[in-house]
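Colleague: Since the structure of chain P is provided, determine the placement of chains L and D on it from the hints.
Residue numbers (the working numbering), protein chains in the order written: chain P, 3 to 288; chain L, 255 to 517; chain D, 622 to 913.
Read the hints as simulated data drawn from the structure, not as lab findings.
Here the structure is a predicted model, which means the values were calculated and not measured.
Mixed in with the good hints, there may be bad ones.
If you anchor each label on the Cβ, the simulated ranges turn out as follows [what the hints assert, rightly or not]:
1. D:ARG757 with P:LEU249: 37 to 45 Å
2. P:TRP275 with L:PRO409: 56 to 64 Å
3. P:VAL245 with D:VAL696: 48 to 56 Å
4. P:PHE10 with L:SER366: 39 to 47 Å
5. L:ALA383 with P:ALA140: 26 to 34 Å
6. D:SER735 with P:ALA120: 15 to 23 Å
7. L:ARG456 with P:VAL144: 39 to 47 Å
Within a straight-line C-alpha distance of at most 25 Å, the following computed SDA-like cross-link-like pairs (lysine to any residue) qualify [as the list claims (entries may be wrong)]:
8. D:LYS709 with L:PHE394
9. L:LYS454 with L:LEU372
10. D:LYS709 with P:THR128
For glycine and all other residues, C-beta sits at the position ideal for the given N, C-alpha and C.
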Amino acid sequence: MAEFLDDFLFTYQNLVYSLGVNGLLALSIYVVLAVGQLSIGQAAFMGLGAYVSALLTVKLGVAFPLVLLAAMITPALAALVVGAPTLRLSGVYLALATIGLGEVQRIVFINAEFTGGALGLSGIPTRGGLISIYGSLALALVAFVCVARSKIGRAMEAMREDELAAGALGVDLPAYKLGALVVSAMLAGLAGALNAHVSSFISPNDYGFDAAVTILSFALLGGIGSPFGPVLGAFILTLLPEVLRPLADYKTVVNGAIIVVAVIFMPRGLLAWRMGRAGAAFRRPK
Amino acid sequence: MSAPSLEIAQLTVRFGGLAAVDDVSFAVAPGRVHGLIGPNGAGKTTLFNLVCGLVAPTSGAIRLDGQRIDALPSWGRSKLGLARTFQNIRMFNDMSVLETVMTGMHAGLAESLPAVLLRLPSFRRAERAALEKAWELIDFVGLADAAQRRSGDLPYGDQRRLEIARALACEPRLLLLDEPAAGMNPSETHALEELLERLKGRGVTMLLVEHDMHFVMRLCDEITVLNFGRKIAQGAPVDVRADPAVVEAYLGAKVARSLEAPR
Amino acid sequence: MLAQQLVNGLVVGSTYALFALGFTLMFGVLGVVNLTYGFYFSVGAFLALFATQHGASIWIALPLAALLSGCVAVVIDAALLTPLRRAKAPELASLMVTLGATMLLYSLANAALSTDIRRFPPGVIDATAIEVAGIRISMTQGLIIAAAGVMVSALLWVMNATRLGLGLRALAERPDVAGLMGVNAGALVRLVSLLSGALAGASGVLIGLNYNAIQPYMGEVMMLKGFAVIILGGLGDIRGALVAGLVVGMLETLTAGYVASSWKDAVGFVLLVLTLWIRPSGLFGRLAVKRA
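Chain P with its partners taken away, still in its complex shape (with noise of 0.2 Å):
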């Protein structure tokens, strides 16, 4: 059993390894989502945190849980920057102002030396892992459900089905915007910085448009009225073109296809079980 264990998971290894942080993108677009914004940096995120985790193991040797750690702050930071200043505008300013920080990310991993240039960075030595991955995802559920149920995730509700109501009845829309903003940068980065560790490469065009569009497919096809739906569709679209193979040349496509039914035809996705809003049970008193 154990030799079978093994003979498929280092036959699997990568799809494995991908499933995980596949849910951990899900999820961090979910969060963005839950709140009725849209960002497009998902995919930037990823790979700046990637960029800086394999940096720091390479060139300076830093501890693993450090590296992680750097791995979440600096694409908060840059969430910062670019998020910030449209928290008080409408949805589109921050959509593309997220797109245009993907582009110019690749411009300067590409132009820049210590970053490998196109080639990317290669030799990146394996660290973490199954445990390390899963260990987060689970984490990041758990998280997420918690919030799901309190008076925070009814006020993420409130403000992705009526922004102007929610306001009224107290809820800080500026603060909400940009915590979500910068929880789902901080998950991405780390999903980026746990792949870099477990594929030895990483170059500039992994984290471009198609990525941040996959990712956003994600959480269209699998519904976000739970933070398992997003995770759900990461699964499924992960494990789809390993199981018909003639559809990996399409990947794009189908991606593509699945937001525009989704959104015209499921707005609910695939998983449209909403999780209830309260920390307590519903009972009535006596």
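Modeller: This is chains L and D only, laid out in the frame that chain P set:
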């Protein structure tokens, strides 16, 4: 005499060159129900939006319990005890009735992020207390049987009640009601009036905009009349409906007579 | 040297202005950020390429490509955005739909056309250049400035001096009132899509001519510049888009000339972020920025 709940002082707002609200002053005493009436375009909605922070004034002051609030964003005002309902009901459609009312408690509910994440006893206590209060409130507005229903599925009149319960959830010092009876049939209006009477009995201070004159005259202690952004009259319902300026600008002779006749 | 750079910048900037004009018109009148807009740019360039390869002169290929790109825009808008408009979906839903569609369309175009860089057949435009006071202006550059100038003036005239323009501006400001005024919203939506798509297609042809390099993803790069231009100019502000287009084009050319050409594509984004921090309502700041 204590400070008024709401004090509007020389409030003016201009859009372009046009003054939508022009040098308006009035005050609402604690526990009173104050009506705001006037023809369409008189500036009632703008005045409402000024009070709750959706529009910034050009000049003048707004005080809630003596404290200036005109520079605060809407969520800041809500924390100081201002709550409102909307002319076109704004529901959180997917939430249950109970969850909707609990959302209304946002400003007053002490739940820190660590307490939420670790499910600390303080968090559990806060949530249980919030739920209990939410049950009380939906009982009060008569929606207890619909507690678990999806807010978006409720009939119109019930959505209005839910919106009021949601607004009451933060125990407001002042409740703003923007045309609460709009779009209601006579029996719904009657039930609403009965609900607001009970609120008044509980000592809730209210400022309301309404077009249904019978409703306003019966419910309000005092009425302010706006026309072209200016205050043209203020006083008790009996005085306002007899004021020639009000009759000319808004009520018309026929309505004024019908208001005098007992119903 | 500087004068030559400025002329080159003017050429690039005028195509940016043309491109951004259609984008901002779409946002202003239709109220959506349509990310497929960059795709019409690629479509225009390819259509002109095919037409010239089949012997058409550029004078026929340019308007034809613009018109057909406009038609593509009308079809895509009807397929994706009309259902959302009918369902009164939130603003970001339409942004997401067009985002997915963008990826879908580019992937398909890429599969059908490959990413190889293609060039116009030789002799499409006379290779001679005029030289004035040491500044070289090629025929291509002359054509670009002239064509952009003509199209921009035509659009400004339509917006400011015709009944149609009045209807469009009414629709941009108050869709509900426009309906009451007897403005046929459905027809106007199609017309705006056609106009914007044609502007994108035309600028695709012009940029294709300028660099003589055409490939499917060219619209995606352009789109990013488009964001910078319309945010710098103020979302929905036509005059702002014109000026901002020229500014971004000039600054890019100067960056390429005096810093390094590899950094020129970062200029737009830096301007975008600076605009958001300093003056979110854009250069002219006339538009009331929609607040949360």
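Colleague: Within a Cα-Cα threshold of 25 Å, do D:LYS709 and L:PHE394 meet the stated pairing?
Modeller: Roughly 34 Å between the alpha carbons, so the hint for D:LYS709 and L:PHE394 is violated.
Colleague: Tell me if the beta carbons of L:ARG456 and P:VAL144 are separated by a distance inside 39 to 47 Å.
Modeller: At 41 Å between Cβs, range holds.
Colleague: Do P:PHE10 and L:SER366 keep their Cβ atoms within the hinted range of 39 to 47 Å?
Modeller: Check passed, 43 Å falls within 39 to 47 Å.
Colleague: Please check whether P:VAL245 and D:VAL696 have a Cβ separation lying inside 48 to 56 Å.
Modeller: violated (33 Å)
Colleague: Does the Cβ pair L:ALA383, P:ALA140 satisfy 26 to 34 Å?
Modeller: Cβ of L:ALA383 to Cβ of P:ALA140: about 31 Å, so the range 26 to 34 Å holds.
Colleague: Holds or violated: the 56 to 64 Å window for the beta-carbon distance between P:TRP275 and L:PRO409?
Modeller: At roughly 25 Å between Cβ atoms, L:PRO409 and P:TRP275 fall outside 56 to 64 Å, so the hint is violated.
Colleague: Does the structure keep D:LYS709 and P:THR128 at a Cα separation of 25 Å or less?
Modeller: violated (49 Å)
Colleague: Starting from the range 15 to 23 Å, see whether the pair D:SER735 and P:ALA120 falls in it by beta-carbon distance.
Modeller: For D:SER735 and P:ALA120 the Cβ distance comes to about 20 Å; the hint holds.
Colleague: Starting from the hint 37 to 45 Å, judge whether the C-beta atoms of D:ARG757 and P:LEU249 obey it.
Modeller: violated (51 Å)
Colleague: Hey, L:LYS454 versus L:LEU372, does the alpha-carbon distance stay inside 25 Å?
Modeller: Outside the cut-off at roughly 41 Å; violated.
Violation of the numbered hints given earlier is confined to hints 1, 2, 3, 8, 9, 10; the remaining hints are satisfied by the structure.
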